[in-house]
Amino acid sequence: MFLSRTLLKRHSVLPGFDLALGFTVFYLCVIVLIPLSAAFLKTFTLTWPQFWDTVTSPRVMASYRLTFGASFAAAVMNGFFGLIIAWVLVRYEFFGKRFVDALVDLPFALPTAVAGIALTALYAANGWIGQFLAPLGIKVSYTPVGVFVALTFIGLPFVVRTLQPVLEDLQKELEEAAATLGASRWQTFTRVLFPIMMPALLTGFALAFARALGEYGSVIFIAGNMPMVSEITPLLIITKLEQYDYAGATAIAVVLLVVSFVMLLAINLIQAWARKRQGG
Amino acid sequence: MKTAAVTRRAALAAVASSLLIGAAPAALAAGPTLLNVSYDVAREFYKNYNPVFIAYWKKTSGEDITINQSHGGSSKQARSVADGLEADVITMNQANDIDFLHTQGNLVPADWAKRLPNNSAPSTSTSVILVRKGNPKGIKEWADLGKPGVSVVIPNPKVTGNGRYTYLAAWGSVIKSGGDAAKAKDTVTKIFANVPVFDGGGRAATTTFAQRNIGDALATFESEVPLILREFGGDFDVVYPSTSILAENPVSVIDKVVDRKGTRKQAEAYLKYLWSDEGQEIVAQHNLRPRSEKVLAKYAKQFPKINLFTVDEVFGGWTKAQKDHFDDGGTYDQVIAAAKKR
Numbered sequence: 001m002f003l004s005r006t007l008l009k010r011h012s013v014l015p016g017f018d019l020a021l022g023f024t025v026f027y028l029c030v031i032v033l034i035p036l037s038a039a040f041l042k043t044f045t046l047t048w049p050q051f052w053d054t055v056t057s058p059r060v061m062a063s064y065r066l067t068f069g070a071s072f073a074a075a076v077m078n079g080f081f082g083l084i085i086a087w088v089l090v091r092y093e094f095f096g097k098r099f100v101d102a103l104v105d106l107p108f109a110l111p112t113a114v115a116g117i118a119l120t121a122l123y124a125a126n127g128w129i130g131q132f133l134a135p136l137g138i139k140v141s142y143t144p145v146g147v148f149v150a151l152t153f154i155g156l157p158f159v160v161r162t163l164q165p166v167l168e169d170l171q172k173e174l175e176e177a178a179a180t181l182g183a184s185r186w187q188t189f190t191r192v193l194f195p196i197m198m199p200a201l202l203t204g205f206a207l208a209f210a211r212a213l214g215e216y217g218s219v220i221f222i223a224g225n226m227p228m229v230s231e232i233t234p235l236l237i238i239t240k241l242e243q244y245d246y247a248g249a250t251a252i253a254v255v256l257l258v259v260s261f262v263m264l265l266a267i268n269l270i271q272a273w274a275r276k277r278q279g280g
Numbered sequence: 001m002k003t004a005a006v007t008r009r010a011a012l013a014a015v016a017s018s019l020l021i022g023a024a025p026a027a028l029a030a031g032p033t034l035l036n037v038s039y040d041v042a043r044e045f046y047k048n049y050n051p052v053f054i055a056y057w058k059k060t061s062g063e064d065i066t067i068n069q070s071h072g073g074s075s076k077q078a079r080s081v082a083d084g085l086e087a088d089v090i091t092m093n094q095a096n097d098i099d100f101l102h103t104q105g106n107l108v109p110a111d112w113a114k115r116l117p118n119n120s121a122p123s124t125s126t127s128v129i130l131v132r133k134g135n136p137k138g139i140k141e142w143a144d145l146g147k148p149g150v151s152v153v154i155p156n157p158k159v160t161g162n163g164r165y166t167y168l169a170a171w172g173s174v175i176k177s178g179g180d181a182a183k184a185k186d187t188v189t190k191i192f193a194n195v196p197v198f199d200g201g202g203r204a205a206t207t208t209f210a211q212r213n214i215g216d217a218l219a220t221f222e223s224e225v226p227l228i229l230r231e232f233g234g235d236f237d238v239v240y241p242s243t244s245i246l247a248e249n250p251v252s253v254i255d256k257v258v259d260r261k262g263t264r265k266q267a268e269a270y271l272k273y274l275w276s277d278e279g280q281e282i283v284a285q286h287n288l289r290p291r292s293e294k295v296l297a298k299y300a301k302q303f304p305k306i307n308l309f310t311v312d313e314v315f316g317g318w319t320k321a322q323k324d325h326f327d328d329g330g331t332y333d334q335v336i337a338a339a340k341k342r
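The listed protein sequences derive, respectively, from chains A and B. The numbering used here puts the last residue of the first sequence at 280; the count rises by one with no breaks. The numbering used here puts the last residue of the second sequence at 342; the count rises by one with no breaks.
What the hints contain is simulated information worked out from the structure, not anything from laboratory work. Please note that a few of the clues may not be correct.
Lysine to aspartate or glutamate pairs mimicking EDC-like chemistry, simulated, CA-CA at most 20 Å apart [to be verified]:
#, chain 1, residue 1, chain 2, residue 2
1, B, LYS190, B, GLU293
2, B, LYS76, A, ASP245
3, A, LYS42, B, ASP328
4, B, LYS323, A, ASP245
5, B, LYS323, B, GLU313
6, B, LYS114, B, GLU313
7, B, LYS323, A, ASP53
8, B, LYS190, B, ASP259
9, B, LYS58, B, ASP83
10, B, LYS185, B, ASP333
11, B, LYS320, A, ASP245
12, A, LYS42, B, ASP327
13, B, LYS76, B, ASP40
14, A, LYS42, B, ASP83
All values derive from a computational prediction rather than experimental measurement.
Please put together the full structure from these sequences, using the hints given.
As structure tokens, then:
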């Protein structure tokens with residue numbers, strides 16, 4: 001009561017705060033909350049044991065392992081190489097830089113199915129890249145490795161694009177100061193630069209990870225979709241829908257949603273903690 | 001701040017996509033408009049059939065009619081109609097996708113299949129086997145696909161009608177030759193143990209087999225074979241097993257929609273005309289087996305005579321076949337579990 005009154009009465013420096021907040025809440029409800037709650041509502045037609053059986057059946061469990069595992073691995077990979085790409089794009093001038101910069105966004109724009117077909121063709125045993133890997137006994141297309149490759153592809157822009165503005169804001173003076181105080185290159189990177197980049201890197205990682213969890217189009221072509229081996233969770237959701245099992249499909253979807261929300265929340269908390277430790 | 005670039009982009013994408021959905025083309029022509037909701041590979045067939053029907057309808061009733069097509073995976077299409085896509089007619093490759101419209105929202109009566117001749121299916125196809133030139137693995141029958149050392153590409157039966165028909169064809173061929181369910185299951189298990197890739201669609205499976213060079217054999221619809229040969233050249237032979245399944249392509253008017261829109265007359269005529277000589281001719285030209293004996297005789301060379309059994313005959317109808325075999329925990333799941341242990 002007291003809280004709400006003060007909240008409403010308090011004059012903000014920003015004009016139109018009430019209206020803006022009202023709009024924000026309304027908009028989020030319509031665009032995000034209501035569609036997502038519809039997914040939850042569909043699952044309520046299941047009893048608790050039915051729900052539990054659906055989301056923990058061995059085939060579904062195998063798909064979680066693949067989906068979460070490959071998404072995590074792809075996000076880690078993107079975190080590492082995305083950082084390097086962002087660094088190069090911000091720090092160096094070279095011929096065709098604009099072109100490379102634009103190239104980074106391509107996975108955003110490309111229909112994922114097209115990416116999937118292209119990657120499968122490249123990495124199949126008779127493909128451009130696959131033909132060199134096949135003699136080494138490395139199979140990519142139609143294996144979990146292929147899933148990882150596809151998820152890495154679609155996740156890359158997230159890390160690069162979140163890191164770029166931060167790297168651009170980095171002041172040269174910081175490095176110069178560090179150098180003056182006798183820090184080595186490596187120390188400057190780990191003690192001065194990396195902590196500043198860390199929150200953005202985590203955000204990029206989280207976005208790439210979340211994107212990978214829900215990815216369907218590109219993965220479906222390269223995975224081979226072998227039960228218990230290379231079936232991703234979104235495929236099992238589609239499978240349930242093909243059986244007209246709406247409740248079962250949304251049950252798995254809800255698990256995916258809840259787990260990714262918890263993970264995103266955790267990463268947000270780490271980020272907030274990192275920022276605080278850094279002193280804003 | 002840091003995420004600004006990404007979130008702005010995401011927001012733009014969301015706005016753009018919602019605009020596109022809102023801007024779906026409205027029919028501008030006068031006269032009634034029919035929407036035919038159909039499965040994926042029927043796209044070319046109806047593209048050729050529609051103008052023929054439009055001309056026929058103009059001649060007989062004087063009315064200008066517009067026909068819109070919507071294509072996609074068959075179960076997905078059925079779900080869209082159940083969820084409110086205003087389809088006047090639905091044309092599928094599997095009866096249970098139309099049965100679903102009866103159980104879900106009572107959009108069609110339970111006996112929809114009895115309203116038109118031949119189970120309401122104006123065309124059929126069957127599952128056949130495509131092998132590499134010269135048939136090096138000597139594949140002649142469904143059971144040969146289960147031999148050790150053979151690798152066969154089959155579209156995922158969990159998500160494609162094509163894959164389901166292949167599975168049922170192999171199962172039914174054992175039953176028709178006097179085997180029991182246990183023997184059928186054993187045969188099918190051996191076949192599915194030899195599958196290296198489960199693609200999400202028939203065309204994707206074709207790409208895997210023909211372009212990526214994976215597998216000794218590809219199980220697919222007979223109607224797809226000429227397209228594959230045309231697209232990928234003559235590196236393949238077609239094997240007609242002695243026994244296979246009759247894949248019927250059923251059609252129905254969506255009663256709830258046509259009664260509300262007042263398009264029942266046109267919608268019924270549209271479907272009925274599929275059985276006309278002109279309609280059956282287009283059926284045959286698209287490599288689908290026509291129902292008309294006359295047209296079938298004309299295209300006899302294109303459709304070799306083999307023993308065909310129906311889903312009703314061996315599996316007690318599509319709804320039962322789906323439940324017994326393909327729903328979670330059904331025999332297909334058991335087959336896959338057993339195949340993995342081999």
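Verification of the supplied hints:
1. Restraint check for LYS190 of chain B and GLU293 of chain B: the C-alpha separation of about 37 Å exceeds 20 Å, so the hint is violated.
2. For the hint pairing LYS76 of chain B with ASP245 of chain A, the CA-to-CA distance comes to about 12 Å; that is within 20 Å, so the pair holds.
3. Restraint check: the Cα-Cα separation between LYS42 of chain A and ASP328 of chain B comes to about 18 Å, which is no more than 20 Å; the hinted pair holds.
4. At most 20 Å may separate the alpha-carbon atoms for a hinted pair to count; LYS323 of chain B and ASP245 of chain A meet this at roughly 12 Å.
5. A C-alpha spacing of about 16 Å is found between LYS323 of chain B and GLU313 of chain B, which places the hinted pair at or below 20 Å, so the restraint holds.
6. Between LYS114 of chain B and GLU313 of chain B the alpha-carbon distance is near 16 Å, which keeps this suggested pair within the 20 Å criterion.
7. Of the supplied pair hints, the one linking LYS323 of chain B and ASP53 of chain A holds, its CA atoms being roughly 18 Å apart against a limit of 20 Å.
8. For the proposed pair LYS190 of chain B and ASP259 of chain B, the alpha carbon gap of about 49 Å is over 20 Å, so the pair is violated.
9. Proposed proximity of LYS58 of chain B and ASP83 of chain B is contradicted: the alpha carbons are some 32 Å apart, above 20 Å.
10. With a CA separation close to 11 Å, the supplied pair LYS185 of chain B and ASP333 of chain B stays within the 20 Å bound.
11. Using a Cα cut-off of 20 Å, the hinted pair LYS320 of chain B and ASP245 of chain A holds, with the two alpha carbons roughly 15 Å apart.
12. Between LYS42 of chain A and ASP327 of chain B, the direct Cα distance comes to roughly 19 Å. Compliance with the 20 Å bound is thereby established for this hinted pair.
13. For a cut-off of 20 Å, the pair hint linking LYS76 of chain B to ASP40 of chain B stands: about 10 Å separates their Cα positions.
14. A hinted pair counts as satisfied when its Cα atoms are at most 20 Å apart, and LYS42 of chain A with ASP83 of chain B qualifies at roughly 14 Å.
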